[in-house]
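**Q** Next come the chains, spelled out residue by residue.
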Amino acid sequence: MDGIHDLGGVEGFGPVPVKSGDASFSQIEEWEKRMWALARNGLASSITIDWFRHGIERMVPADYLSFAYFNKWCADYFMLMIDEGTITMEEVKRGHVENPGPPANAITLNDALKLNSKANRSFEIEALTQPAFIVGETVRTHRNVPSGHTRLPRYARDAGGTVIAHHGCHLLPDEGARGRHVGDHLYTVSFTAAELWGLEANPRDTVALDLWECYLVRA
Amino acid sequence: MATFDGEKAAALHRELHTHLPSDPAMRVKTLESLAIERGLVAPESIDAWIEAYSEHIGPKRGAKVVAHAWTDPNFRKRLLDNAADAIKDFDFQGSATGHLKAVENTDNQHNLVVCTLCSCYPFSILGMSPAWYKSAEYRARAVREPRKVLEEFGVILPEYVGVRVWDSTAELRYIVIPQRPAGTDGWDADRLATVVTRNSMIGTERDLTREPA
Numbered sequence: 002m003d004g005i006h007d008l009g010g011v012e013g014f015g016p017v018p019v020k021s022g023d024a025s026f027s028q029i030e031e032w033e034k035r036m037w038a039l040a041r042n043g044l045a046s047s048i049t050i051d052w053f054r055h056g057i058e059r060m061v062p063a064d065y066l067s068f069a070y071f072n073k074w075c076a077d078y079f080m081l082m083i084d085e086g087t088i089t090m091e092e093v094k095r096g097h098v099e100n101p102g103p104p105a106n107a108i109t110l111n112d113a114l115k116l117n118s119k120a121n122r123s124f125e126i127e128a129l130t131q132p133a134f135i136v137g138e139t140v141r142t143h144r145n146v147p148s149g150h151t152r153l154p155r156y157a158r159d160a161g162g163t164v165i166a167h168h169g170c171h172l173l174p175d176e177g178a179r180g181r182h183v184g185d186h187l188y189t190v191s192f193t194a195a196e197l198w199g200l201e202a203n204p205r206d207t208v209a210l211d212l213w214e215c216y217l218v219r220a
Numbered sequence: 025m026a027t028f029d030g031e032k033a034a035a036l037h038r039e040l041h042t043h044l045p046s047d048p049a050m051r052v053k054t055l056e057s058l059a060i061e062r063g064l065v066a067p068e069s070i071d072a073w074i075e076a077y078s079e080h081i082g083p084k085r086g087a088k089v090v091a092h093a094w095t096d097p098n099f100r101k102r103l104l105d106n107a108a109d110a111i112k113d114f115d116f117q118g119s120a121t122g123h124l125k126a127v128e129n130t131d132n133q134h135n136l137v138v139c140t141l142c143s144c145y146p147f148s149i150l151g152m153s154p155a156w157y158k159s160a161e162y163r164a165r166a167v168r169e170p171r172k173v174l175e176e177f178g179v180i181l182p183e184y185v186g187v188r189v190w191d192s193t194a195e196l197r198y199i200v201i202p203q204r205p206a207g208t209d210g211w212d213a214d215r216l217a218t219v220v221t222r223n224s225m226i227g228t229e230r231d232l233t234r235e236p237a
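Residue numbers (this note's numbering), protein chains in the order written: chain Y, 2 to 220; chain A, 25 to 237.
None of these hints come from the bench; they were simulated from the model. A portion of the hints provided could be inaccurate.
[Said to hold, decoys possible] Using C-beta positions, here's what the derived DEER-type ranges look like:
| # | chain 1 | residue 1 | chain 2 | residue 2 | range |
| --- | --- | --- | --- | --- | --- |
| 1 | A | R215 | Y | L110 | 26 to 32 Å |
| 2 | Y | S47 | A | S57 | 17 to 23 Å |
| 3 | Y | N111 | A | M50 | 19 to 25 Å |
| 4 | Y | R95 | A | I180 | 54 to 60 Å |
It should be emphasised that the depicted structure is a prediction, and the values quoted were computed from it without experimental measurement. Just so it is clear, CB atoms sit at the ideal spot from N, CA and C, and this is done for glycine as well.
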């Protein structure tokens, strides 16, 4: 979708907050730490990673630009949990649930470290088709994208590039955001900066994106 | 069960926008209370995860991996071939490293990592991403004017050095292997790891020195 989240190449932003934004995890605000930690516990059990991301993309656009990163997560989790029926809008307004459940089991630091190391999930699935493109081949991205979730950014649409890697079949986010488990061949495609940004770009510079086969046509 | 309905999501967001307090700390507190009362999370578990990411899962992991790549040619090759697998040597695998890819700086090429569409980051190997990485400024500008962005980080690239920006659009996550600083001959991997900065593994720093990170 042509959403507010699709920021690559948008002009008008000022300097990167190099100093103010450089804090490590132990130095960030307490609420930010708590939001990150809450999300490690699987608050919404029926979501996919792509629906989680699309949920953020569907935020009120002005909120998207003004909210700190973990405040967007917070808004998203409220939405996701209401959508799947884990909590209600009324409970959010009240700040308490109607019928409290049995308390969750507490985990220890060691449990958290073990759970983290098991979270190196693979998104590769068995390929049912042969890849359409090979490394070294030139390809072109589509101009139009669906209005749902997609991972082809606006700045890289209708652009010619070169396949520099093939990664097998990976789950397609466009379908994952609809709750469907569909694979497609994934490639890394390199674009010259001049192709994306015009002739003023440095001729030595390139931008590489990981793109699914259905985003591409043969050039 | 999630509806996966984008229009419904947008409508819920608009309603939440009206009802939620504006202070993010208050909002997260509300979410936490609801999650605890619903029996989804125990307060002790929140503390455990905060401790895990404050004390144990951070950029020192990435620094250790980079230092081993500098000192062990076989490990360097394995890391470049399949970083997701190579980091298991150190038990560093975890969140967002299932498809980790290592990319190496050379005399003629500099690598810079961004996620323009959200803020994807290899948490288990680099810890929490810095706020600037998640900022609209960095996400918008890193792909379009990487040299200007690098200048803001104090990196002035010579004309002959090409920049390759990696936009993390899929589940691949990137770690940059910076160049080993001069004057470190004979240093072992543990000592070398002390000079590897987080930013150098994202690509917003280039020339490491002998000074500890």
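**Q** Against which earlier hints does the structure fall short, listed by number upward?
**A** 3
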